[in-house]
Amino acid sequence: MTLLSTRGLSKHFDGLQAVDGVDFDLPEGEVRALIGPNGAGKTTFVGMICGRIAPSSGSVVFDGADITALPAHKRILRGMAYTFQITSVFPRLDVAENVALAARRRLKGREMTRAVDEVLARVGLLERRDEEAGNLSYGHQRLLEIAMGLVQKPRLLILDEPTQGLSEGEIASFKELLREVAGQTTILLIEHNMSVVMETADRVSVLDFGRLLAEGTPQEIHENAAVQAAYLGTG
Amino acid sequence: MNGWVRVLALHGGLLAVLFAAQFLLPAYHHGNLARIMVLASYAIGYNILFGYTGLLSLGHALFFAAGMYGMGLGVQHLGLTPAPALLAGIAAGAVVALALGLLALRTVGVAFMIVTLMFAQAGYFTILYFSEITRGDEGFVIAQAQRVLWGIDLSASANRYFAAWALFSACLLACLWLVRMPFGKTLVAIRENEERVRMLGYDTFAHKLGAMVISGAISAAAGASYGLLFGSAGASFAGVQYSILPLLWVLLGGAGTVLGPFVGTLFMFYLIDLSSGITTAYMLIAGVVLVVLTLFAPQGLMGELRRRFWRGLP
Ligand SMILES: Nc1ncnc2c1ncn2[C@@H]1O[C@H](COP(=O)(O)OP(=O)(O)O)[C@@H](O)[C@H]1O
Ligand SMILES: [Mg+2]
Chain E
1426 MTLLSTRGLS
1436 KHFDGLQAVD
1446 GVDFDLPEGE
1456 VRALIGPNGA
1466 GKTTFVGMIC
1476 GRIAPSSGSV
1486 VFDGADITAL
1496 PAHKRILRGM
1506 AYTFQITSVF
1516 PRLDVAENVA
1526 LAARRRLKGR
1536 EMTRAVDEVL
1546 ARVGLLERRD
1556 EEAGNLSYGH
1566 QRLLEIAMGL
1576 VQKPRLLILD
1586 EPTQGLSEGE
1596 IASFKELLRE
1606 VAGQTTILLI
1616 EHNMSVVMET
1626 ADRVSVLDFG
1636 RLLAEGTPQE
1646 IHENAAVQAA
1656 YLGTG
Chain W
635 MNGWVRVLAL
645 HGGLLAVLFA
655 AQFLLPAYHH
665 GNLARIMVLA
675 SYAIGYNILF
685 GYTGLLSLGH
695 ALFFAAGMYG
705 MGLGVQHLGL
715 TPAPALLAGI
725 AAGAVVALAL
735 GLLALRTVGV
745 AFMIVTLMFA
755 QAGYFTILYF
765 SEITRGDEGF
775 VIAQAQRVLW
785 GIDLSASANR
795 YFAAWALFSA
805 CLLACLWLVR
815 MPFGKTLVAI
825 RENEERVRML
835 GYDTFAHKLG
845 AMVISGAISA
855 AAGASYGLLF
865 GSAGASFAGV
875 QYSILPLLWV
885 LLGGAGTVLG
895 PFVGTLFMFY
905 LIDLSSGITT
915 AYMLIAGVVL
925 VVLTLFAPQG
935 LMGELRRRFW
945 RGLP
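Chains as they are written, first to last, in the numbering used here: chain E, 1426 to 1660; chain W, 635 to 948.
Hints are computed from structural coordinates only; laboratory data are not their basis.
There's no promise every hint is true.
Covered by chain E, per the in silico footprint, the following chain W stretches (three or more residues, Cβ under 8 Å) [said to hold, decoys possible]:
| hint | stretch |
| --- | --- |
| 1 | 815-822 |
| 2 | 825-831 |
| 3 | 835-848 |
Simulated crosslink set (BS3-like; lysine-lysine; CA at most 27 Å straight-line) [claimed, not checked]:
| hint | chain 1 | residue 1 | chain 2 | residue 2 |
| --- | --- | --- | --- | --- |
| 4 | E | K1600 | W | K819 |
| 5 | E | K1578 | W | K819 |
| 6 | E | K1578 | E | K1533 |
| 7 | E | K1533 | E | K1499 |
| 8 | E | K1600 | E | K1578 |
| 9 | E | K1533 | W | K819 |
| 10 | E | K1533 | E | K1600 |
Note that beta-carbon positions come from the ideal geometry of N, C-alpha and C, so glycine has one too.
When you get a sec, could you build the whole thing from the sequences and use the hints?
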């Protein structure tokens, strides 16, 4: 069953065509990586899916319903979760409260507290639950961002470059985490780190200059000449 | 849990001290404190929008005056007794806040400040314009006979103090309760990072509107009580000055703290009172003290206390 699809989804900023007529389908349960050079339009594309950015044209269908006109918070309530590329936690609130804000729409009271601690333990931040989020290291703030996504138990989890700025060790445990979550939810993962893509994704979509350039298994994409050419420009 | 006990002890302790103070204070300070508690209730209302939700309004006099006139006009022209008049005042404030919120919350930042300021000015001129009903600038007196609530004469100083204390207690406890509720915590999160809250699935517009209505209703309750306890209503309470004052009180006392509004109101009231006893240039002294305080305690007195000693202080 297709959980998410877009048809002719486009966005232009003044003269710049950031996303250009993308037709995209994501079956339920899949881990899909979305790759492409910097500025290819990946963040803009997922921004239109979750409602942060209004599309110039095109449509988004989630779980069989056209959600193109829905405001962001209603899309989230339908089971999407979005983690920001640029870390966007609540720096002056403590770590547990950051996650609790994400959990409270779903759970209450003791159950909520338990879910928060469970997720914090999963990403390895349980001991820091009472610290101010702003005092965490950059890598830990990225993990907190992921915890805020996970605790929502979304049907579709959108992760925008979650491993950016993480250390090797942290990336390894992130892969582990992703494999655990993969069985329970559909994931759309924007990722630059090719080892993460190769090891965790079921399929890969490549975006270049706002257009969908190729789609296939990690292996196919790895061997695809056009994809390599697109990446050569950025080294 | 332990933290919660300390919080209750502090806030309950203040209310107990204020209650006991009525038997101990000399008449002059007794009268002052009654006034301060009513004005601090106004500041508590302001603080919910400014301190907790992060929305800087320059038009709260509109809500204070809506309460005062909703109560006063009801007494004057409809012959209402104090209890229904008080409710009419609160309802007037809530409705005005809802209407203003629906318009002003489409803007942010400086635009929000200007829109709220403009609407408050429009309210002020409306009061002047309908001077046949409102008695314009002069205002009107609410006679002693009209200020008897459930057989209690609110113009008598002991009763007045007790009524002010009851109002202040209700506002303080409501604020304390609110900021520990999920709704209040969401408001704080909106202040910290609204976009993130939206992307966690919250309707941030509805939350801000809710904060505006609660803030307006509390401000109106203070305005209505002020008119009832001190026996008059006047257009000056709808002026710009009465929009700026709660901002100053809250900034001085500590924005986003439950006790800050009271501390700031008390501090500023006595700062002006004491310095005017020393010199006629009292505003100069008050000004210098305020500047020094904002330099050394930029988060206000209670904000500073929280930063240094008590991180969990609500
Ligand atoms: N708000 C915006 N205003 C103008 N241009 C933008 C805006 N957001 C993104 N862009 C531009 O759109 C293009 C795609 O950006 P983005 O979606 O962030 O790419 P990616 O995430 O793939 O690196 C870039 O050229 C970027 O500069
Ligand atoms: Mg990006």
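Against the structure, the hints:
By the rule of at least three residues with a Cβ nearer than 8 Å to a Cβ of chain E, the coverage given for the stretch 815-822 of chain W holds, with 4 such residues. Note: the stretch 825-831 of chain W has 5 residues with beta-carbon separation from chain E under 8 Å; the three-residue rule is met and the coverage holds. By the rule of at least three residues with a Cβ nearer than 8 Å to a Cβ of chain E, the coverage given for the stretch 835-848 of chain W holds, with 4 such residues. The straight-line distance between the Cα atoms of K1600/E and K819/W is roughly 33 Å, outside the 27 Å bound, and the hint therefore fails.
As the CA atoms of K1578/E and K819/W are separated by approximately 21 Å, the hinted pair is consistent with the 27 Å bound. Only pairs whose Cα atoms come within 27 Å are accepted, and K1578/E paired with K1533/E is accepted, the gap being roughly 14 Å. With a CA separation close to 20 Å, the supplied pair K1533/E and K1499/E stays within the 27 Å bound. Note on K1600/E and K1578/E: the hinted pairing holds, with a Cα-Cα distance of about 18 Å set against a maximum of 27 Å.
In summary, the hint linking K1533/E to K819/W is supported, as the alpha carbons are separated by about 13 Å, within the 27 Å threshold. Distance hint between K1533/E and K1600/E is unfulfilled; the C-alpha atoms sit about 30 Å from each other, more than 27 Å.
In summary, the numbered hints that this structure violates are 4 and 10.
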